[in-house]
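Protein sequence lines correspond, in order, to chains A and B.
Taking the numbering used here, the leading residue of the first sequence gets 1, the next gets one more, and so forth.
Taking the numbering used here, the leading residue of the second sequence gets 1, the next gets one more, and so forth.
Hints listed in this document are in silico derivations from the structure and should not be mistaken for laboratory results.
Just so you know, these numbers come straight off a predicted model, no measurement behind them.
Where a beta carbon is used, it is the ideal one built from N, C-alpha and C, also for glycine.
Do not take every clue at face value.
What the hints assert, rightly or not - Taking lysine to any residue pairs in the SDA-like style, the calculated list, with each CA pair at most 25 angstroms apart, reads: (1) A:LYS267 with B:GLY124; (2) B:LYS232 with B:GLY124; (3) A:LYS257 with B:VAL73; (4) A:LYS257 with B:SER156; (5) A:LYS257 with B:SER2; (6) B:LYS93 with B:SER51; (7) A:LYS257 with B:GLY157; (8) B:LYS93 with B:GLY59; (9) A:LYS267 with B:GLU235; (10) A:LYS267 with B:ARG72; (11) A:LYS267 with B:ASP223; (12) A:LYS79 with A:CYS172; (13) B:LYS232 with B:PHE99; (14) A:LYS79 with A:LEU107; (15) A:LYS267 with B:ASP262; (16) A:LYS205 with B:SER2; (17) A:LYS80 with A:ASP91.
Claimed, not checked - Covered by chain B, according to a simulated footprint, are these stretches of chain A (three or more residues, beta-carbon under 8 angstroms): (18) 10-22; (19) 138-147; (20) 197-207; (21) 250-261.
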Amino acid sequence: MAEPLLSVRDLQTQFNTDDGVVTAVDHVSFDLAPREILGVVGESGSGKSVTSLSVLRLVANPGKIVGGQILWKGEDLLKKTEAQMRAIRGDDIAMIFQEPMTSLNPLYTVGNHIEEALALHQGLHGQAARERAIQALEEVGIREAPARYSSYPHQLSGGMRQRVMIAVALSCNPDLLIADEPTTALDVTVQARILDLMLRLRTEKEMAILLITHNMGIVAKLCDRVVVMHRGKIVEAATVNDIFAQPRHPYTRDLLKSIPTLDSAPKTRLATVQWHPTPQQDAHSNLVEVAPGHRVSAWVAGG
Amino acid sequence: MSTPLIQVTNLVKHFSAKSGLAGGGGNVVKAVDDVSFDIFPGEVLGLVGESGSGKSTTGRLILRLLEPTSGRVTYGGQSIFDMPKNDLRELRKQMQIVFQDPYGAFNPRMTVGAIIGEALELRGISGAQRRSDTSRFLEMVQMPANVANRYPHEFSGGQRQRIGIARALAVEPQFIVADEPVSALDVSTQAEIVNLLLDLQQRLSLTMLFISHDLSVVKVLCDRVAVMQHGKLVEVGDSQQIFAAPRMEYTRELLDAIPIPDPARARRAA
Numbered sequence: 001m002a003e004p005l006l007s008v009r010d011l012q013t014q015f016n017t018d019d020g021v022v023t024a025v026d027h028v029s030f031d032l033a034p035r036e037i038l039g040v041v042g043e044s045g046s047g048k049s050v051t052s053l054s055v056l057r058l059v060a061n062p063g064k065i066v067g068g069q070i071l072w073k074g075e076d077l078l079k080k081t082e083a084q085m086r087a088i089r090g091d092d093i094a095m096i097f098q099e100p101m102t103s104l105n106p107l108y109t110v111g112n113h114i115e116e117a118l119a120l121h122q123g124l125h126g127q128a129a130r131e132r133a134i135q136a137l138e139e140v141g142i143r144e145a146p147a148r149y150s151s152y153p154h155q156l157s158g159g160m161r162q163r164v165m166i167a168v169a170l171s172c173n174p175d176l177l178i179a180d181e182p183t184t185a186l187d188v189t190v191q192a193r194i195l196d197l198m199l200r201l202r203t204e205k206e207m208a209i210l211l212i213t214h215n216m217g218i219v220a221k222l223c224d225r226v227v228v229m230h231r232g233k234i235v236e237a238a239t240v241n242d243i244f245a246q247p248r249h250p251y252t253r254d255l256l257k258s259i260p261t262l263d264s265a266p267k268t269r270l271a272t273v274q275w276h277p278t279p280q281q282d283a284h285s286n287l288v289e290v291a292p293g294h295r296v297s298a299w300v301a302g303g
Numbered sequence: 001m002s003t004p005l006i007q008v009t010n011l012v013k014h015f016s017a018k019s020g021l022a023g024g025g026g027n028v029v030k031a032v033d034d035v036s037f038d039i040f041p042g043e044v045l046g047l048v049g050e051s052g053s054g055k056s057t058t059g060r061l062i063l064r065l066l067e068p069t070s071g072r073v074t075y076g077g078q079s080i081f082d083m084p085k086n087d088l089r090e091l092r093k094q095m096q097i098v099f100q101d102p103y104g105a106f107n108p109r110m111t112v113g114a115i116i117g118e119a120l121e122l123r124g125i126s127g128a129q130r131r132s133d134t135s136r137f138l139e140m141v142q143m144p145a146n147v148a149n150r151y152p153h154e155f156s157g158g159q160r161q162r163i164g165i166a167r168a169l170a171v172e173p174q175f176i177v178a179d180e181p182v183s184a185l186d187v188s189t190q191a192e193i194v195n196l197l198l199d200l201q202q203r204l205s206l207t208m209l210f211i212s213h214d215l216s217v218v219k220v221l222c223d224r225v226a227v228m229q230h231g232k233l234v235e236v237g238d239s240q241q242i243f244a245a246p247r248m249e250y251t252r253e254l255l256d257a258i259p260i261p262d263p264a265r266a267r268r269a270a
């Protein structure tokens with residue numbers, strides 16, 4: 001494997017709540033190679049979104065990164081100043097969210113959003129910024145880009161808004177795009193087009209993608225490798241083919257079996273997730289390699 | 001084939017839309033545009049389509065939670081839009097709705113017991129009978145009886161959906177409209193609620209209109225499927241036929257758009 005672009009080492013993120021300290025991310029480690037698409041899957045509360053926010057140091061109070069390293073091209077992001085982080089966010093690492101409407105400013109035109117990013121990160125203004133913004137809209141497949149440049153977010157459909165978010169995110173040519181459930185709020189036909197767009201842009205822009213999702217169908221279509229999270233821990237990590245063909249962890253197996261598909265038998269009960277960790281299993285977060293590139297909780301491997 | 005429990009005939013619902021910031025235009029949105037179909041006793045009819053296709057509006061019209069622009073819906077042969085208020089109230093006891101997030105439909109200051117008790121009261125059940133029936137309906141959705149003393153916010157999404165289903169069942173309806181009941185749930189919880197709906201529907205011989213955008217779930221639960229697009233009914237048929245050999249291009253498109261959880265096939269499709 002090439003030198004990792006991003007290397008998350010032993011990351012721990014905690015939340016101080018009235019009921020005590022909650023460990024949302026528990027000794028999480030993974031690498032992401034240049035141009036690789038890594039899926040982080042898990043259910044709500046598994047820590048997948050907090051992991052992605054931690055990478056950008058965007059965890060809000062009462063959340064706090066309490067340990068580990070986030071190595072970006074070999075440099076620890078946890079040692080950067082806030083000013084240095086601002087320069088990295090958007091420029092080197094960009095992020096898109098599930099609901100673009102809440103990330104877009106209703107008083108800004110589509111063009112304003114992209115130009116703000118260009119001015120901040122690339123020092124582009126005026127006509128040059130406008131041309132680059134229209135080009136960015138064309139790259140994400142928005143038709144009549146010069147006209148859409150002047151539209152406001154509320155005038156666009158959900159799929160179009162997500163395209164605009166992607167255009168804003170990609171306008172500064174980041175090396176990594178973090179996408180947190182980017183198509184969950186969209187209709188299936190729109191989702192299919194956005195997923196195809198992400199695959200195309202990965203190749204054209206030579207960027208890596210960290211994809212947070214609960215949808216194993218999207219993982220199968222997009223990802224090169226997958227990490228499966230459960231209660232703040234990675235329980236299994238492997239190539240996408242290995243995860244689907246040879247899942248080792250009982251949680252991964254149960255999760256895969258419980259998904260209804262177009263092959264599901266009609267009028268037949270679905271399998272459910274039966275596995276629940278014992279306190280002993282829950283206390284350990286170390287993984288062992290069971291095959292090249294395939295890591296699983298140590299107790300599963302008998303370690 | 002038996003006599004339909006519900007017949008929907010040329011159903012139309014227009015909403016007047018004020019487009020743009022100035023509120024000008026006054027366009028009419030044809031949310032439901034000349035839709036006709038039947039629902040037979042004891043069957044689960046899936047109503048699928050993308051957002052804005054008119055599937056939820058159709059569900060609400062069938063329960064007369066909305067008044068139609070034109071058209072007819074009969075329930076057991078009676079026209080529900082021509083029905084006097086008192087008769088409608090009686091009929092409503094036979095029809096219930098389960099929502100995507102039942103939390104929005106619960107009074108947060110009522111305990112679970114009070115929420116289900118209110119539904120039982122509609123059938124004139126009170127006192128000790130009410131308490132034992134509350135336990136019975138909670139048991140039906142696999143919740144322990146002691147949750148009756150707790151409040152909706154104390155429960156997870158999946159547990160709340162169970163409470164929502166228990167409330168609907170407490171009225172002992174014949175017919176349930178389930179509007180995206182598993183869309184907001186995690187994968188593992190979704191499988192549990194799908195199984196619960198499947199069991200209850202078969203055990204109680206419920207007739208169900210299952211509204212969903214998720215065709216995989218529809219395949220598991222439904223006997224027949226109706227596909228809507230832009231307010232119109234595109235295709236209706238047996239579930240097996242729709243999934244194996246859809247007649248309409250739009251249905252095919254919907255099926256093809258679903259990401260397949262199998263890397264080999266997902267990539268071939270792409």
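Practice prompt. Would you pick out the hints that fail for this structure and give their numbers low to high?
Written response: Numbers 1, 2, 3, 5, 6, 10, 14, 16, 18, 19 and 20, in rising order.
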